[in-house]
Amino acid sequence: MSVIKMENVTMKYPTGTVALKDVNIEIEKGEFVFVVGSTGSGKTTFIELLLRELVPTKGRIEVAGIDLARLKKNRIHKVRRKIGVVFQNFRLLKDRTVYENVAFAQRVIETPSRYIKRQVPAVLALVGLEDKYKSYPRQLSGGEQQRVALARALVNKPEIILADEPTGNLDPKHSWDVMNLLDEINAKGTTVVVVTHNKEIVNVMKKRVITLKKGVIVSDVQKGGYIDED
Amino acid sequence: MSVIKMENVTMKYPTGTVALKDVNIEIEKGEFVFVVGSTGSGKTTFIELLLRELVPTKGRIEVAGIDLARLKKNRIHKVRRKIGVVFQNFRLLKDRTVYENVAFAQRVIETPSRYIKRQVPAVLALVGLEDKYKSYPRQLSGGEQQRVALARALVNKPEIILADEPTGNLDPKHSWDVMNLLDEINAKGTTVVVVTHNKEIVNVMKKRVITLKKGVIVSDVQKGGYIDED
Amino acid sequence: MKISSVGYSVRQGFKNLRRNLLFSLASTGTIIACLFVFGLFYCVLVNFRGAIHKIESSISIAVFFKEDLSEEAINLIGEQIKTRKEVNTIDYISPEQAWEDFSEQTYDDPAAARAAFGDDNPLAQSASYMITLNDSSKQADFVQFLESIEGIRKVSSSTYTADSISAINAFVGYASFGIIFILLLVSIFLINNTITIGITVRREEIRIMKLIGATNGFIRAPFIIEGIIIGLVGSIVPLVLLYYLYDLVINYIAGRFTILKSLFEFTPPFDMFKTLIPITLLIGIGIGFFGSIITTKKHLDI
Amino acid sequence: MKISSVGYSVRQGFKNLRRNLLFSLASTGTIIACLFVFGLFYCVLVNFRGAIHKIESSISIAVFFKEDLSEEAINLIGEQIKTRKEVNTIDYISPEQAWEDFSEQTYDDPAAARAAFGDDNPLAQSASYMITLNDSSKQADFVQFLESIEGIRKVSSSTYTADSISAINAFVGYASFGIIFILLLVSIFLINNTITIGITVRREEIRIMKLIGATNGFIRAPFIIEGIIIGLVGSIVPLVLLYYLYDLVINYIAGRFTILKSLFEFTPPFDMFKTLIPITLLIGIGIGFFGSIITTKKHLDI
Ligand SMILES: Nc1ncnc2c1ncn2[C@@H]1O[C@H](COP(=O)(O)OP(=O)(O)OP(=O)(O)O)[C@@H](O)[C@H]1O
Ligand SMILES: Nc1ncnc2c1ncn2[C@@H]1O[C@H](COP(=O)(O)OP(=O)(O)OP(=O)(O)O)[C@@H](O)[C@H]1O
Ligand SMILES: [Mg+2]
Ligand SMILES: [Mg+2]
Chain A
13 MSVIKMENVT MKYPTGTVAL KDVNIEIEKG EFVFVVGSTG SGKTTFIELL LRELVPTKGR
73 IEVAGIDLAR LKKNRIHKVR RKIGVVFQNF RLLKDRTVYE NVAFAQRVIE TPSRYIKRQV
133 PAVLALVGLE DKYKSYPRQL SGGEQQRVAL ARALVNKPEI ILADEPTGNL DPKHSWDVMN
193 LLDEINAKGT TVVVVTHNKE IVNVMKKRVI TLKKGVIVSD VQKGGYIDED
Chain B
13 MSVIKMENVT MKYPTGTVAL KDVNIEIEKG EFVFVVGSTG SGKTTFIELL LRELVPTKGR
73 IEVAGIDLAR LKKNRIHKVR RKIGVVFQNF RLLKDRTVYE NVAFAQRVIE TPSRYIKRQV
133 PAVLALVGLE DKYKSYPRQL SGGEQQRVAL ARALVNKPEI ILADEPTGNL DPKHSWDVMN
193 LLDEINAKGT TVVVVTHNKE IVNVMKKRVI TLKKGVIVSD VQKGGYIDED
Chain C
6 MKISSVGYSV RQGFKNLRRN LLFSLASTGT IIACLFVFGL FYCVLVNFRG AIHKIESSIS
66 IAVFFKEDLS EEAINLIGEQ IKTRKEVNTI DYISPEQAWE DFSEQTYDDP AAARAAFGDD
126 NPLAQSASYM ITLNDSSKQA DFVQFLESIE GIRKVSSSTY TADSISAINA FVGYASFGII
186 FILLLVSIFL INNTITIGIT VRREEIRIMK LIGATNGFIR APFIIEGIII GLVGSIVPLV
246 LLYYLYDLVI NYIAGRFTIL KSLFEFTPPF DMFKTLIPIT LLIGIGIGFF GSIITTKKHL
306 DI
Chain D
6 MKISSVGYSV RQGFKNLRRN LLFSLASTGT IIACLFVFGL FYCVLVNFRG AIHKIESSIS
66 IAVFFKEDLS EEAINLIGEQ IKTRKEVNTI DYISPEQAWE DFSEQTYDDP AAARAAFGDD
126 NPLAQSASYM ITLNDSSKQA DFVQFLESIE GIRKVSSSTY TADSISAINA FVGYASFGII
186 FILLLVSIFL INNTITIGIT VRREEIRIMK LIGATNGFIR APFIIEGIII GLVGSIVPLV
246 LLYYLYDLVI NYIAGRFTIL KSLFEFTPPF DMFKTLIPIT LLIGIGIGFF GSIITTKKHL
306 DI
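Protein chains in written order, with our numbering: chain A, 13 to 242; chain B, 13 to 242; chain C, 6 to 307; chain D, 6 to 307.
Be aware that a few hints might be false.
Taking lysine-lysine pairs in the BS3-like style, the calculated list, with each CA pair at most 30 Å apart, reads [to be verified]:
{"id": "1", "chain 1": "B", "residue 1": "Lys226", "chain 2": "B", "residue 2": "Lys94"}
{"id": "2", "chain 1": "A", "residue 1": "Lys106", "chain 2": "D", "residue 2": "Lys302"}
{"id": "3", "chain 1": "D", "residue 1": "Lys20", "chain 2": "B", "residue 2": "Lys94"}
{"id": "4", "chain 1": "C", "residue 1": "Lys90", "chain 2": "C", "residue 2": "Lys71"}
{"id": "5", "chain 1": "B", "residue 1": "Lys85", "chain 2": "B", "residue 2": "Lys17"}
{"id": "6", "chain 1": "B", "residue 1": "Lys185", "chain 2": "A", "residue 2": "Lys226"}
{"id": "7", "chain 1": "B", "residue 1": "Lys211", "chain 2": "A", "residue 2": "Lys211"}
{"id": "8", "chain 1": "B", "residue 1": "Lys129", "chain 2": "D", "residue 2": "Lys20"}
{"id": "9", "chain 1": "D", "residue 1": "Lys303", "chain 2": "C", "residue 2": "Lys20"}
{"id": "10", "chain 1": "D", "residue 1": "Lys266", "chain 2": "C", "residue 2": "Lys59"}
{"id": "11", "chain 1": "D", "residue 1": "Lys302", "chain 2": "B", "residue 2": "Lys106"}
{"id": "12", "chain 1": "A", "residue 1": "Lys225", "chain 2": "B", "residue 2": "Lys185"}
{"id": "13", "chain 1": "A", "residue 1": "Lys185", "chain 2": "B", "residue 2": "Lys225"}
{"id": "14", "chain 1": "C", "residue 1": "Lys303", "chain 2": "A", "residue 2": "Lys84"}
{"id": "15", "chain 1": "D", "residue 1": "Lys303", "chain 2": "B", "residue 2": "Lys84"}
{"id": "16", "chain 1": "B", "residue 1": "Lys106", "chain 2": "A", "residue 2": "Lys33"}
{"id": "17", "chain 1": "B", "residue 1": "Lys85", "chain 2": "D", "residue 2": "Lys303"}
{"id": "18", "chain 1": "A", "residue 1": "Lys185", "chain 2": "B", "residue 2": "Lys226"}
{"id": "19", "chain 1": "A", "residue 1": "Lys94", "chain 2": "C", "residue 2": "Lys303"}
{"id": "20", "chain 1": "B", "residue 1": "Lys218", "chain 2": "A", "residue 2": "Lys185"}
{"id": "21", "chain 1": "A", "residue 1": "Lys33", "chain 2": "B", "residue 2": "Lys146"}
{"id": "22", "chain 1": "A", "residue 1": "Lys129", "chain 2": "C", "residue 2": "Lys20"}
{"id": "23", "chain 1": "A", "residue 1": "Lys106", "chain 2": "B", "residue 2": "Lys226"}
{"id": "24", "chain 1": "C", "residue 1": "Lys302", "chain 2": "A", "residue 2": "Lys85"}
{"id": "25", "chain 1": "D", "residue 1": "Lys302", "chain 2": "B", "residue 2": "Lys85"}
{"id": "26", "chain 1": "A", "residue 1": "Lys185", "chain 2": "B", "residue 2": "Lys24"}
{"id": "27", "chain 1": "A", "residue 1": "Lys185", "chain 2": "B", "residue 2": "Lys33"}
{"id": "28", "chain 1": "D", "residue 1": "Lys87", "chain 2": "D", "residue 2": "Lys71"}
{"id": "29", "chain 1": "C", "residue 1": "Lys303", "chain 2": "A", "residue 2": "Lys90"}
{"id": "30", "chain 1": "A", "residue 1": "Lys70", "chain 2": "A", "residue 2": "Lys90"}
{"id": "31", "chain 1": "D", "residue 1": "Lys59", "chain 2": "C", "residue 2": "Lys143"}
{"id": "32", "chain 1": "A", "residue 1": "Lys225", "chain 2": "B", "residue 2": "Lys211"}
Listed below are several chain C residues computed to face chain D (Cβ distance under 8 Å; list not exhaustive) [unchecked claim]:
{"id": "33", "residue": "Val42"}
{"id": "34", "residue": "Leu45"}
{"id": "35", "residue": "Asp168"}
{"id": "36", "residue": "Ala172"}
{"id": "37", "residue": "Ala175"}
{"id": "38", "residue": "Leu188"}
{"id": "39", "residue": "Thr205"}
{"id": "40", "residue": "Val206"}
I should point out that these hints are in silico values taken from the structure, not numbers from a laboratory. Every residue gets a Cβ at the ideal spot worked out from N, C-alpha and C, and that includes glycine.
Build the full structure now, drawing on both the sequences and the hints.
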């Protein structure tokens, strides 16, 4: 059963840039997929479409069995709650501490306080930020902010994880920690989609790799590797 | 002659975090230096101290022969104009186009308009963004924003270039393009300091590598390589 | 929404106030300033209208009687006049009183008057009623009524004064209404302005919340609580200020301009504030509430 | 700063207005609203004081002469009185005029008066001057002066009325001053509020500019230009509005309440606006200018 499905999706921005062009993708439940491609090839656009932050100019998108085009505006949260996202630019709430940022994801789905108090510290420990829980985003290094974003995406144990460049600000060791963590979570049944520029990781992990080039899928292989641009 | 000099510099944030501890660094004019280290090891703090965005809790910093502690507040721009910075989080002016963002660096030093009109497109072409000059930062991909930040750092041909993770959002090919560009500029006499997590690049380029660990310099070698954490 | 979420919203509402201290202070300050000015003019206008009403009710009409009308007949006429509800006061001026008033004004001492006229009262025919009305615009009708009464020789009234006062009264009424209305509009505009800005600068935060899966209600609730708190504080502060200021001014004037006290009575604080308090609270809390609802709505559509 | 940079600053100032449209509109709106209310009350108060002054200058003092004083002597006294600069008008009331006025008020027709007194004028001694002053607070002194004049028998003045009017006058003066002052403070507070917010939300931009090596002057200039433009627009708009509104109201009242025209003269638009325009421009541009200087200063210290 596919949890993510794009049919002939085209995304043209008001500026005229065509970020995605006739994209067809099907991702099965429980898959681990890398999305790679040169800068500006449409990877972030792809993520934002799945979140329905963007609406495609053409085509059909289905997430967790729900047709996004048919979804009423006041029902969008239903889909979003099935997804944990690590945004490329983190998108942390800048007036809240690390703890509150992560806890917020749980409050949104009305998790009882006693669970929040247990789960938030646990997930912060998982990403190695247990001693920064009181800090505000502006008091964190780039890599630390990125891991807060990851913690927030994981804390609700969502069906789908979308991670846009989750290791862009991390050193090799921490990058591997994050990837191994995502692999473990994937092993428990969560669908994981990772956008990355990290050639080494893609090549070593041998997962499905979807390669975009100027908004077009130029390759989609199981157990693939990073395709360098010519 | 050293253009960057830190003597016993300690930076303790008001939160109590000691980001740098007794750091002594001397960088000669015309050097190319990588600063590496695990996430949160103090690399961005190091850059911000050189820019005098931060004032060290202890120690002396000299940039281009100027003692930053002795510098009067209304003279700080003198030092900053000698430096081109690529910030880790880009710090573009979000209400101005790509062109205006780059041109701004030139306007600041009162470059005559006719030079601005020539030099800005040239440097945008150099980083491969000639066709995005009308876009606003929010209309760019992560890697595109990063290259605008680079263009802004380069446009004034500063004495010193400080680049904090300038390839974090770039694919391998573009990362190499950027590094080669910095190398070329360095060859013409500019001092270049690059903070990076890109192990491959550090290992291949064989430059001086300063490694930080929890705010302390643990290694500083010419023609060094990336030291993985244990 | 669950109970725990309600508690969360309320706590967040208070926290937001601290997090965005600049905007909280700016918004609260704006509401305080606007409602203070609004209340100030409300007080001034109410008192001003009170003063005009006082003047209005002191314009007198003199009624003179036919020659040799008996005292009994005069009393009867007085009774008849008293039944009219526009009558405020009615006083009988005897011929002796009239002559005394007149001679006192014209001659320096009673002796001179007596020298001129002896004990003759040249105003023997000048017994009169002095009548004041409580609404000068009714004077014309009332004079007509008086003139129709048998036994009345002459009704002396200043149509001009009465008409002037009732024109002033109407004019001040319109002007007060216009001014209060303009102040209200301006207040609403300004308060809404700051609330809009305060929420707009947080649009990225709102967007993030929505992308994480928050419902509109969940995002909005703290903003609404925040708006209500700002509105509440923003209306209580000027009310308290006005109350003390009003008291102070009344007492100051009573001491400083003693003569004004007889001309002019201040509306007592209780009467003033029993209307001002609900109006002010309604505006403050209303704008805080609706302002935050309307402004958040704009940014929730993602 | 080079000429090209000056041009750049000015252009940036205008561009900033468009870039931060919400804040530009909010700030301009705030200034317009505040200065409009300020101007409105300025107009109301100036007219109100004018009205009181008019009443003040219509309170009359009657001067009666010693018995059988020659007409020549009376004229002489008149000349003497006219030299005093507090005198507004002086009118001679002959005994005939006085009797006519009196009998007209007391009797219905001249015939009745003649029936009572024949051709005798009971007020033969009642020639008088009716004097009005232009400042009722000087009445007491003036009466003393009159009483010291040889040939004057009696000065009839209402100390009570004069004192009341001069108390009212003083009171309204203080109150106007207080209200204008409060409005001014509130306006400055509110305008500064929006300007502060508008600049504060751009503090990250200012920080970036400083880190790139911009001088304080370079960063500030566009903000100051922006502040001045906002102040300029924000003061011209309410002035234009007020001008038309004032004209409209004057004409409306002239038509609707004809009777008021004789009681009360509106300050002519020219006189009103010749002080209001400079005050308003000064406040608007002043706050725009100093507000942006002060607020940017806070964020430039990096
Ligand atoms: N809001 C927008 N308005 C207009 N054009 C946009 C917008 N967002 C992105 N684009 C353009 O669409 C293209 C794809 O952008 P996208 O962010 O999807 O790239 P990406 O693959 O994520 O790149 P990167 O690896 O650099 O993050 C780019 O050319 C970009 O300039
Ligand atoms: N403004 C701040 N206030 C308090 N602590 C801070 C602040 N900025 C950074 N820190 C802390 O200082 C330490 C060093 O931060 P810095 O940003 O220099 O790390 P970095 O080496 O750049 O890391 P990264 O590779 O993740 O960007 C971190 O532990 C961080 O949490
Ligand atoms: Mg991207
Ligand atoms: Mg960093």
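Status of the hints after comparison with the structure:
1. Distance restraint check for Lys226(B) and Lys94(B): the Cα-Cα separation of roughly 29 Å lies within the 30 Å cut-off, and the hinted pair is therefore satisfied.
2. Straight-line distance between C-alpha atoms of Lys106(A) and Lys302(D) comes to about 24 Å, which keeps the hinted pair within the 30 Å bound.
3. Of the supplied pair hints, the one linking Lys20(D) and Lys94(B) holds, its CA atoms being roughly 28 Å apart against a limit of 30 Å.
4. Distance check on the hinted pair: Lys90(C) and Lys71(C) sit about 25 Å apart at the alpha-carbon level, within 30 Å; holds.
5. A threshold of 30 Å between alpha carbons decides the hint, and for Lys85(B) with Lys17(B) the separation of about 20 Å falls inside it, so the pair holds.
6. The straight-line distance between the Cα atoms of Lys185(B) and Lys226(A) is roughly 15 Å, inside the 30 Å bound, and the hint therefore holds.
7. As the CA atoms of Lys211(B) and Lys211(A) are separated by approximately 11 Å, the hinted pair is consistent with the 30 Å bound.
8. Pair hint Lys129(B) plus Lys20(D) holds up; C-alpha atoms about 19 Å apart against a cutoff of 30 Å.
9. In summary, the hint linking Lys303(D) to Lys20(C) is supported, as the alpha carbons are separated by about 25 Å, within the 30 Å threshold.
10. Between Lys266(D) and Lys59(C), the direct Cα distance comes to roughly 22 Å. Compliance with the 30 Å bound is thereby established for this hinted pair.
11. For the hint linking Lys302(D) to Lys106(B), the alpha-carbon distance of about 21 Å falls within 30 Å, and the restraint holds.
12. Distance check on the hinted pair: Lys225(A) and Lys185(B) sit about 13 Å apart at the alpha-carbon level, within 30 Å; holds.
13. Taking the CA atoms of Lys185(A) and Lys225(B), the gap is about 13 Å. The hint holds against a cut of 30 Å.
14. With a C-alpha separation of about 17 Å, the suggested pair Lys303(C) and Lys84(A) falls inside the 30 Å cut-off, and the hint holds.
15. Of the supplied pair hints, the one linking Lys303(D) and Lys84(B) holds, its CA atoms being roughly 17 Å apart against a limit of 30 Å.
16. Proposed proximity of Lys106(B) and Lys33(A) is supported: the alpha carbons are some 28 Å apart, at most 30 Å.
17. In summary, the hint linking Lys85(B) to Lys303(D) is supported, as the alpha carbons are separated by about 13 Å, within the 30 Å threshold.
18. About 15 Å separates the Cα atoms of Lys185(A) and Lys226(B), which keeps this hinted pair within 30 Å; it holds.
19. Between Lys94(A) and Lys303(C) the CA atoms are separated by roughly 25 Å; this keeps the pair inside 30 Å, and the hint holds.
20. At roughly 21 Å between alpha-carbon atoms, Lys218(B) and Lys185(A) fall within 30 Å of each other, so this suggested pair holds.
21. Under the criterion of a C-alpha separation no larger than 30 Å, the hint pairing Lys33(A) with Lys146(B) is consistent with the structure, at around 22 Å.
22. Between the alpha carbons of Lys129(A) and Lys20(C) the distance comes to roughly 19 Å, so the proposed pair stays at or under 30 Å and holds.
23. Restraint check: the Cα-Cα separation between Lys106(A) and Lys226(B) comes to about 25 Å, which is no more than 30 Å; the hinted pair holds.
24. For the suggested pair Lys302(C) and Lys85(A), the alpha carbons sit about 13 Å apart, so the restraint of at most 30 Å is met.
25. Between Lys302(D) and Lys85(B), the direct Cα distance comes to roughly 13 Å. Compliance with the 30 Å bound is thereby established for this hinted pair.
26. Between Lys185(A) and Lys24(B) the alpha-carbon distance is near 26 Å, which keeps this suggested pair within the 30 Å criterion.
27. Taking the CA atoms of Lys185(A) and Lys33(B), the gap is about 23 Å. The hint holds against a cut of 30 Å.
28. Between Lys87(D) and Lys71(D), the direct Cα distance comes to roughly 19 Å. Compliance with the 30 Å bound is thereby established for this hinted pair.
29. For the proposed pair Lys303(C) and Lys90(A), the alpha carbon gap of about 21 Å is at most 30 Å, so the pair holds.
30. Among the hinted pairs, Lys70(A) with Lys90(A) is consistent with the structure: their alpha-carbon atoms are about 23 Å apart, no more than 30 Å.
31. About 26 Å separates the Cα atoms of Lys59(D) and Lys143(C), which keeps this hinted pair within 30 Å; it holds.
32. Straight-line distance between C-alpha atoms of Lys225(A) and Lys211(B) comes to about 25 Å, which keeps the hinted pair within the 30 Å bound.
33. The beta carbon of Val42(C) is positioned within 8 Å of a beta carbon in chain D (closest approach about 6 Å), and the interface hint is therefore held.
34. Interface restraint check: Leu45(C) against chain D, minimum CB-CB distance 7 Å, threshold 8 Å, status holds.
35. Taking 8 Å as the C-beta contact cut-off toward chain D, the hint placing Asp168(C) at the interface holds, the least distance being around 5 Å.
36. Using the Cβ-Cβ criterion of 8 Å, the hint placing Ala172(C) at the interface with chain D is satisfied: the shortest such distance is roughly 4 Å.
37. Evaluation of the Ala175(C) hint against chain D yields a held restraint, the C-beta minimum of about 7 Å falling below 8 Å.
38. Look at Leu188(C): its Cβ gets to within about 7 Å of chain D, closer than 8 Å, so that hint holds up.
39. Contact between Thr205(C) and chain D, as hinted, is supported at the beta carbon level, the nearest pair being about 6 Å apart and thus within 8 Å.
40. Interface hint at Val206(C): satisfied, since its Cβ lies 5 Å from the closest Cβ of chain D, which is below the 8 Å cut-off.
Against the hints set out earlier in the document, no violation occurs for any number.
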